[in-house]
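Peer 1: Produce the complete structure using the sequences and hints provided.
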Amino acid sequence: MTEHHGGCLCGATRFTFIGAPKFVGNCHCASCRRWSGAAMSTFVGGRDDQVAWSGAAPAVYASSPGVERRHCPTCGTALAYRGEGWPGETHLMLGAFDDPTAFEPAGDAFSGEALPWLAPGAKRA
Amino acid sequence: MTKFTGGCLCGGVRFVADGAPRRVGVCHCASCRKATGGAFSVYVDFVRDAVVFDRAPAVFRSSRGVERLFCANCGAALAYRGDGSADEINLHLGAFDAPAAFAPNAVSFEADGLTWARAALAALHLENYG
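Protein sequences appear in the order of chains A and B.
Take 2 as the starting number for the first sequence in my numbering and just add one per residue.
Take 387 as the starting number for the second sequence in my numbering and just add one per residue.
What the hints contain is simulated information worked out from the structure, not anything from laboratory work.
Fair warning: this is a prediction, and the values are worked out from it, not measured in the lab.
Don't be surprised by glycine CBs; every beta carbon is placed ideally from N, CA and C.
The hints are all genuine.
Heads up, incomplete: computed chain B residues facing chain A, CB under 10 angstroms, no partners named:
1) 392
2) 393
3) 396
4) 416
5) 422
6) 425
7) 443
8) 449
9) 455
10) 456
11) 477
12) 478
13) 485
14) 486
15) 490
16) 501
Peer 2: Pasting the structure below:
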């Protein structure tokens, strides 16, 4: 089974993503934008059991009911999203992977909230 | 004078930026990709004196001469400060309350960019910076 490794900037928290993702997509929602700081967020999504965490446990912030966002408390790197809208899944931030070129987004979520200069150019499903 | 407000996701850290930004730059470097988790970062650059935080954000020195500011509670990425541009603070676009007020006009580390991300931004014809 393929494995993809990743982690935060300071190296305290690491993860291994096992197997093929369920999806790879961009999220344009305001919450993800505020949290990541990026114009749009790109997620590699899989089942919880496809993600093995090691090192220091990431900090967890419940940004809204049923949603948890994980980051490294030392360096601030945004690592993962888990939400009750996708039960049993962990969505990892593309930028957190050691080799982000391994994945390419196939679609966009919350396009209605996209920044105007990204809406026509972002990769579309 | 125009003021731009912003802050983190939990509201624990807020800032006000005065006046017009110097530039709005895309960065494709691997460090910025890790810092935001996104395919690329977008910074809105101001003179340091023009930006005031209501509470001191957490700071991480990601490499020599580089500081990354974030909220320790919710993890939101706030800004970059580099010794190489000591009079500037580079605020993450997503941290602003009204991010649509800015459109990128510069790009750096384009050669390090993800192929699909560079393609998505090609139509903007961004000027290389730094």
